[in-house]
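A.B. asks: Chains L and U, in that order, give the protein sequences.
Note that my numbering has the first sequence beginning at 1, numbered continuously upward.
Note that my numbering has the second sequence beginning at 1, numbered continuously upward.
Keep in mind that the hints were calculated from the coordinates and are not lab data.
C-beta atoms are modelled at their ideal positions from N, C-alpha and C, and glycine is treated no differently.
A hint or two may mislead.
Below, a list of computed lysine to aspartate or glutamate pairs in the DMTMM-like style, where the Cα atoms sit at most 20 Å apart [unchecked claim]: (1) L:Lys651 to U:Asp49; (2) L:Lys404 to L:Glu171; (3) U:Lys124 to L:Asp45; (4) U:Lys124 to L:Glu44; (5) U:Lys124 to L:Asp43; (6) U:Lys124 to L:Asp67.
To be clear about the criterion: a stretch of chain U counts as covered by chain L if any three or more of its residues have a C-beta under 8 Å from a C-beta of chain L, and this derived list gives those stretches [stated by the list, open to error]: (7) 9-16; (8) 25-35; (9) 45-54.
Restraint-style ranges between C-beta atoms, simulated for each label pair [unchecked claim]: (10) L:Lys555 to U:Met153: 33 to 41 Å; (11) U:Lys148 to L:Arg564: 31 to 39 Å; (12) L:Glu128 to U:Glu51: 53 to 61 Å; (13) L:Ser42 to U:His75: 18 to 26 Å; (14) L:Thr705 to U:Glu166: 42 to 50 Å; (15) U:Asp49 to L:Ser561: 38 to 46 Å; (16) L:Leu575 to U:Gly31: 52 to 60 Å; (17) U:His75 to L:Lys79: 30 to 38 Å; (18) L:Lys255 to U:Pro70: 48 to 56 Å; (19) L:Phe382 to U:Ser159: 56 to 64 Å; (20) U:Gly31 to L:Thr47: 25 to 33 Å; (21) L:Ser507 to U:His30: 20 to 28 Å.
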Amino acid sequence: MKTRREFIKVSTVGAGVAALGLHALDLKGMSLFDKESADPASDEDLTPYSTYCEVCFWKCAGWTYVDKKGKIRKIIGNKKDTHSQGRLCPRGTGGLGMYEDEDRLKTPLIREENANGKQYFREASWDEALNLVAKKMDALRKEHGPECLALFSHGTGGGLFSHLVKAFGSENISAPSFAQCRGPREVGFTATFGEGVLSPERTDIRDAKCLVLIGSHLGENMHNGQIQEMSAAIENGATIITVDPRFSTAASHSKYWLPIKPATDMALLLAWINVIIEEDLYDKDYVKKYTYGFDELKAHAKNKTPEWAYGITTIEPDIIRRTAREMAAASPSVIVHPGRHTTWYGDDTQRTRAIAILNALLGSWGRRGGFYNPEKVHIPSFPHPPYPKPTRTWRDAYPEGKYKLVTEVLSTGICDATIPNADLACHIRGWIVYGTNLMASLPDQKKTLDAIRNLDFLVVVDTMPMDITGYADIILPENTYLERYDPLRSSPHREPSIALRMPAVESKNNTKPGWWMTKQLANRLGLEDYFKWETMEDLLEWQLKQIGSSLEEMKKIGVKSFPREYDDLYQLQNLPDYEFNTNTGKIELYSTELAAEGFDPMPNYTAHPEPPEGYYRLNYGRAPMHTFSRTANNPNLTDLMSENNVWINPKVAALWEIKNGQEVWLKNQDGVISSFPITVRVTERIRWDSVYMVHGFGQTNKKLTRAYGHGSSDSELVTKVTLDPIMGGTGMRGNFVTFLKEKPITTKMEDKA
Amino acid sequence: MRYAMAIDTNKCVGCSDCVVACQTENNVPHGYCRDWIVESVSGTYPNLDLEFRSERCNHCDNAPCVRCCPTGASHIEQGGIVIVNHDECIGCGACIQSCPYDARYPHPDGFVDKCTFCIHRVEKGQNPACVDVCPTSCLHFGDLDDPKSDVSMAIKDRSWKVLAPEAGTKPQLYFLT
Numbered sequence: 001m002k003t004r005r006e007f008i009k010v011s012t013v014g015a016g017v018a019a020l021g022l023h024a025l026d027l028k029g030m031s032l033f034d035k036e037s038a039d040p041a042s043d044e045d046l047t048p049y050s051t052y053c054e055v056c057f058w059k060c061a062g063w064t065y066v067d068k069k070g071k072i073r074k075i076i077g078n079k080k081d082t083h084s085q086g087r088l089c090p091r092g093t094g095g096l097g098m099y100e101d102e103d104r105l106k107t108p109l110i111r112e113e114n115a116n117g118k119q120y121f122r123e124a125s126w127d128e129a130l131n132l133v134a135k136k137m138d139a140l141r142k143e144h145g146p147e148c149l150a151l152f153s154h155g156t157g158g159g160l161f162s163h164l165v166k167a168f169g170s171e172n173i174s175a176p177s178f179a180q181c182r183g184p185r186e187v188g189f190t191a192t193f194g195e196g197v198l199s200p201e202r203t204d205i206r207d208a209k210c211l212v213l214i215g216s217h218l219g220e221n222m223h224n225g226q227i228q229e230m231s232a233a234i235e236n237g238a239t240i241i242t243v244d245p246r247f248s249t250a251a252s253h254s255k256y257w258l259p260i261k262p263a264t265d266m267a268l269l270l271a272w273i274n275v276i277i278e279e280d281l282y283d284k285d286y287v288k289k290y291t292y293g294f295d296e297l298k299a300h301a302k303n304k305t306p307e308w309a310y311g312i313t314t315i316e317p318d319i320i321r322r323t324a325r326e327m328a329a330a331s332p333s334v335i336v337h338p339g340r341h342t343t344w345y346g347d348d349t350q351r352t353r354a355i356a357i358l359n360a361l362l363g364s365w366g367r368r369g370g371f372y373n374p375e376k377v378h379i380p381s382f383p384h385p386p387y388p389k390p391t392r393t394w395r396d397a398y399p400e401g402k403y404k405l406v407t408e409v410l411s412t413g414i415c416d417a418t419i420p421n422a423d424l425a426c427h428i429r430g431w432i433v434y435g436t437n438l439m440a441s442l443p444d445q446k447k448t449l450d451a452i453r454n455l456d457f458l459v460v461v462d463t464m465p466m467d468i469t470g471y472a473d474i475i476l477p478e479n480t481y482l483e484r485y486d487p488l489r490s491s492p493h494r495e496p497s498i499a500l501r502m503p504a505v506e507s508k509n510n511t512k513p514g515w516w517m518t519k520q521l522a523n524r525l526g527l528e529d530y531f532k533w534e535t536m537e538d539l540l541e542w543q544l545k546q547i548g549s550s551l552e553e554m555k556k557i558g559v560k561s562f563p564r565e566y567d568d569l570y571q572l573q574n575l576p577d578y579e580f581n582t583n584t585g586k587i588e589l590y591s592t593e594l595a596a597e598g599f600d601p602m603p604n605y606t607a608h609p610e611p612p613e614g615y616y617r618l619n620y621g622r623a624p625m626h627t628f629s630r631t632a633n634n635p636n637l638t639d640l641m642s643e644n645n646v647w648i649n650p651k652v653a654a655l656w657e658i659k660n661g662q663e664v665w666l667k668n669q670d671g672v673i674s675s676f677p678i679t680v681r682v683t684e685r686i687r688w689d690s691v692y693m694v695h696g697f698g699q700t701n702k703k704l705t706r707a708y709g710h711g712s713s714d715s716e717l718v719t720k721v722t723l724d725p726i727m728g729g730t731g732m733r734g735n736f737v738t739f740l741k742e743k744p745i746t747t748k749m750e751d752k753a
Numbered sequence: 001m002r003y004a005m006a007i008d009t010n011k012c013v014g015c016s017d018c019v020v021a022c023q024t025e026n027n028v029p030h031g032y033c034r035d036w037i038v039e040s041v042s043g044t045y046p047n048l049d050l051e052f053r054s055e056r057c058n059h060c061d062n063a064p065c066v067r068c069c070p071t072g073a074s075h076i077e078q079g080g081i082v083i084v085n086h087d088e089c090i091g092c093g094a095c096i097q098s099c100p101y102d103a104r105y106p107h108p109d110g111f112v113d114k115c116t117f118c119i120h121r122v123e124k125g126q127n128p129a130c131v132d133v134c135p136t137s138c139l140h141f142g143d144l145d146d147p148k149s150d151v152s153m154a155i156k157d158r159s160w161k162v163l164a165p166e167a168g169t170k171p172q173l174y175f176l177t
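With the rest of the complex left out, here is chain L (with noise of 0.2 Å):
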């Protein structure tokens, strides 16, 4: 955060040279300045570009405003855009950085060996990079078959990766965003309601009377739509009720702070529903007419009273009785919110079930002010030839009927995939790694790095010398996304709309939009046949017209919005008919389908490991100006943060006699010591069972010169991994910590070209 303290420090020590010197210095006309530099550009000297972010996925649309000389001077939001209502948040407002960032990946680059056996990166030209690649992919293919291909892809210009990818005959096409992220909530809310949340969350928090965020840092997660919506719902004076065992910025705009103590949400959970059901609170007309199982829930959660809750959460029984009492009144208008980074500790599935249920006996699913019902616009694909049917996935490196439920491709199953073992007949040799950095997106470092060993070769495409890229063998440098076209966004909303990414600047460096690198790939492997368009702009013109625009006219509105197909936004609202993807075509509160895989058919409060002694439990989350380690090294989010700390209460502080801003290293539970020492903030905001970071800093990549040795990462701190035997989920809140005043004495663990 850009505090005066800061501000402070540069100016005392900048204050006199500044002033006088470089003053001096203009007198004379010799200003080494460019002086228009400081005055501010008029709107109408500016050309604005239409864009929608990529700084996180929320993707935001808005202008990129270039000056006369080429020079972009500010990205501001599109009013029409649903998701940013004009209003950009810092990442988006400081997406300017992405591309103005001096240690951009700048050229292609292929990993050599020396006499001495010392491995190094070396230009390349496009052609040689692409020749090389497309080598190594027909390789693969003959030898091994396509299947052995595996996509990470976390980024709008991986669809066209995944199409290529396809096109190929793989279809080990991941993000972590999956199995590190939201998977759990998705599984757990269609196992319910037949349905995911999806992104843009479904959440109607602008109507919202009550909304409830157990561990869902809103305001630290700049989610733009949900940060907006939750101040319209303060305005309107709704509830806030929020269960964290950190004083989060959400804590405190809430009429209700439940400092639970970690690793124990589900007993809060089952004894809400306790409450809502013995105290006759919930919605009978909707229990009766939409769900299935009220009586077996009912039995299960007879004995899940606040006392008993009480013992497991230290949440006090009044407390609870009022809260769920808070939410019943506000019903159906009451949002249990479904959280988004939800793979805490391997019941996480489960967990996001007792939310769905709470959710349901409410009646919120499909009324105002609860979960909308979303539309998108459909977006037709260029023609092309059906993709080849693959023989052999991912999921051969299970046992048959693992993680049967997992509506996408687990990350980490990639990895388990590409790691040889007895039961797999080929495993997989070959990455392309789509802008994620796995390295920080994945934990469990050791077995990350495991995997990359066992490949053939692995391709990194990124706009940032990330330290994922120090393992490639080729790397692709793209675009930022201010310098590229990209595919249209149609993400769902409660109107559907599409937003159009073009190019504000020709590209700054020796680097490529990937749609071109996609097709420059599919030429070279024959893949032509998938590929008939001659440019982005020709695919763009194309699907525009199936849906009545033009890129003419996108590029002048930015965004468009289309009326919904179907006309309910809010399809429960009046209780019609209404039949769910379910077993039983109703509101699960009983899951058949999990029941039928051997599952837990109504959720369970299970203990969770605790903190051995002088250990602290690992809580890890967001900073609103960063987006993972994508923006560690942007120099306008630097300047408002360019470190993390690491939060402790005062009473582990004076026990430790640690102080404020001191330099600490952290040691888990398995004896691994952050690469970084890490300043402490000392802080009433966290309770004393638990520390706090924000994820995404301590990057190892010297060529990072601003994010390099900055903070320290939590991932690498993550090496239990508690798996969701539901869906794959890897469960990371259950590491703990200590803390080492003094440089410890460590081995490298991998020496990087």
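Fit chain U to the given chain L structure using the hints.
C.D. replies: Just chain U now, kept in the frame of chain L:
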């Protein structure tokens, strides 16, 4: 006419969007800022209060920075906006010392710089950049003499405070509580 700003602390999440929007709008060099966030925590766990404040120049009615400026570079524009004329500023820093809000910084080009309420936008009827970008819509700007202005409407019926009232500067940032 009296320009002023109201900051709704019940809504602000301290995201710093106002800071980065100001930096890009006004070409504030990296490492410097015209507005900033203060996080103020009080109490002990679990009885806590937390307030985020988006702070900047208070455009005081009784501005010490203007009074102490030896060249007249710091002056008051129409509507009470306190402005530094960069060409007249010799960078002596007296104003920096005099400001109870620490709202000014020495620009590397040799002059003192600070928030202008985005006067170049306000003159055209636009809001300051920070106001227009705020995702929580917690910033309200306008003319206090106009009862219909956004800032007048925001202050009406709400309790508010100003910073360092004891300094007697008559600051024009109103923090709604």
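A.B. asks: Please flag the earlier hints that this structure goes against, numbers listed from lowest up.
C.D. replies: Checked against the structure, no hint fails, so every one of them is satisfied.
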